[in-house]
Amino acid sequence: MVGFVVVSHSQKIAEGTVELAKQMAADVKISAAGGMEDGSIGTDVSRILAGIEAVQTGDGVVVLVDLGSAVMSSEMAIEMLSDDSNVKIVDAPIVEGTIFGAVQASIGASLEAVMDVLAGTKSYKKF
Amino acid sequence: MATKAEVLDFIRIYADKMAEHRQELTDLDQAIGDGDHGINMSRGFKAVMEKLPAVENKDIDEILKTVGMTLVSTVGGASGPLYGTAFMKAGMSTKGKEELSNEDVILAFDEAVGGIQFRGKAVRGEKTILDSLIPAIDAIKASIKEGKTMAEALVEAEKAAWNGVEYTKTIIATKGRASYLGERSIGHQDPGATSMAYAFQAANEVAQKAGK
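Just so you know, the protein sequences line up as chains Y and C, in that order. The first sequence begins at 0 in numbering that gives the first Met the number 0 and counts up one residue at a time. The second sequence begins at 0 in numbering that gives the first Met the number 0 and counts up one residue at a time.
So here's chain C without its partners, still in its complex pose:
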């Protein structure tokens, strides 16, 4: 389960993480991309934090859609349309909700994945955001199916996300600018998969704080 306060908390904590890890994400991107992922994500989430007070009393779908819309016009790189679409699709799936059941949370994540796949025309295994996102969601689904709580599921999700990040070091990039490097992209950790893993770290922290 997730309340609106937890959704807002997640956005704030994730924004903090994007500011905190700005240099790390940029360094990862400098190795295989255009070196702006940390700068872009922190700029986008700084803009999100400025917009958040105006919508925090609205329904969850409005909040998520506002995050998405803000990201697509402030991030600047491919992560703008990708994360933006993810938040917008997740928002659409939670229409009119003040609180999300575990099923709602899973549906929102599934919609986010679908949005990223549609926008980026990518699948798992191409050294992208999806390589940490999909394993994390799979872990949530498996944990909930076993009868665990969302807080327990998110512990597993964060682990799976970081394992996914590690996995990106072993594969060739076939999407985005890293694909220009071909085999030389092997050995490098994908910045997008990394920023996505921080999203699950943020979600996990929120859930542990709430203790459910």
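Isolated chain Y, as found in the complex:
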């Protein structure tokens, strides 16, 4: 099953996003890589790396990011993997993307299928 990592500057945003997504897709592996080790605001390459490794089952991992250094730190974490072929950063809204992606993964969608769905979330209309 495809896994997810939520990368936010804020630990609370990352954890809250995981909590929301788990409500709809309890069996999907989603890790929260928010904030720094001491809880302060920021992004930390080693926390992201650990998050990816924690949810990788072999079916691939999608990394969702908030902004700025979340992108750069995630790129660095992916580069540090021995095999980064099935770990992708997606340009999607972090909350909606995590929920939509997790639901897709829970029904057995492949990494490519999840990425396709998430590519569409940028234009998703809330009303």
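Among these hints, one or two may not hold up.
According to the in silico footprint, chain C covers these stretches of chain Y (three or more CB under 8 Å from chain C) [said to hold, decoys possible]:
#1 35 to 42
#2 67 to 79
Per label pair, the in silico range of CB-to-CB distance [stated by the list, open to error]:
#3 D90/Y - T148/C: 44 to 50 Å
#4 K11/Y - I170/C: 31 to 37 Å
#5 D82/Y - K140/C: 36 to 42 Å
#6 T2/C - D83/Y: 20 to 26 Å
#7 K125/Y - Q29/C: 28 to 34 Å
#8 A49/Y - T2/C: 35 to 41 Å
#9 E36/Y - T2/C: 30 to 36 Å
#10 S105/Y - T2/C: 56 to 62 Å
#11 S100/C - M79/Y: 27 to 33 Å
#12 K125/Y - I185/C: 30 to 36 Å
Source of the hints: derived by calculation from the structure; they are not laboratory data. For each residue, glycine too, the CB sits at the ideal point set by N, CA and C.
Take the given structure of chain Y and dock chain C to it, following the hints.
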């Protein structure tokens, strides 16, 4: 030329500067960013100072790579991956070296610039670190080409870096959070260019102390 002791000295002096100018960098960032640049850089370099004793007997490449790795997991903001990549790339270019020739120093700086450009997808003139870094390196190259010593070159490099910082006041930010402000970013000095200028100030101080 730069010895391993000078490289270590540079890291220590730069770490001191990041602690000393913590508030100034944070104030600059508050004006156009998220107001954490000084806090982040001082936190990152404090962590570097804690890691340094464990690697100071290793080769220069190991020392620089350790600085980079520490920064990417402790700085927290964009400057973590940017400065971290710069130190790691510089480290890779000095593999196995106990001492750096002027050519090695220039290569290390070029690799650092390449790393920052790759990571930040930025070019000169976008109100970033690059606006003090690139002019400083150009000044080093020009000075060495004219036959000056590295110590003389670093005097020119520091001047060029601060001129670059001044230049950032005149341009619009198109990268990072400052870009959200658009034209309102004009008139403000870029915090990243400023922290980079302190790196050349630190390097210059080390070179003058060594007198070469």
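Each hint tested on the structure:
Given as covered by chain C, the stretch 35 to 42 of chain Y passes the check, having 6 residues with a CB less than 8 Å from a CB of that chain where 3 are the minimum. Residue count for the stretch 67 to 79 of chain Y with a Cβ under 8 Å from a Cβ of chain C: 6. That meets the three needed, and the coverage hint holds. Separated by about 48 Å at the C-beta atoms, D90/Y and T148/C satisfy the suggested range of 44 to 50 Å. For the hinted restraint 31 to 37 Å between K11/Y and I170/C, the CB-CB distance of approximately 35 Å keeps it satisfied.
For the pair D82/Y and K140/C, the supplied restraint of 36 to 42 Å holds, since their beta-carbon distance comes to about 39 Å. T2/C and D83/Y have their C-beta atoms about 37 Å apart, which leaves the hinted 20 to 26 Å range violated. Restraint check, K125/Y to Q29/C: a C-beta distance of roughly 32 Å satisfies the suggested window 28 to 34 Å. For A49/Y and T2/C, the Cβ-Cβ distance of about 37 Å falls inside the hinted range of 35 to 41 Å, so the restraint holds.
Separation of E36/Y from T2/C is about 34 Å and conforms to the stated range, judged on CB atoms against 30 to 36 Å. Against the hinted window of 56 to 62 Å, the Cβ-Cβ separation of S105/Y and T2/C comes to about 58 Å, which satisfies the hint. For S100/C and M79/Y, the hinted distance range of 27 to 33 Å is satisfied, since their beta carbons lie about 30 Å from each other. At about 35 Å, the CB distance of K125/Y to I185/C agrees with the hint of 30 to 36 Å.
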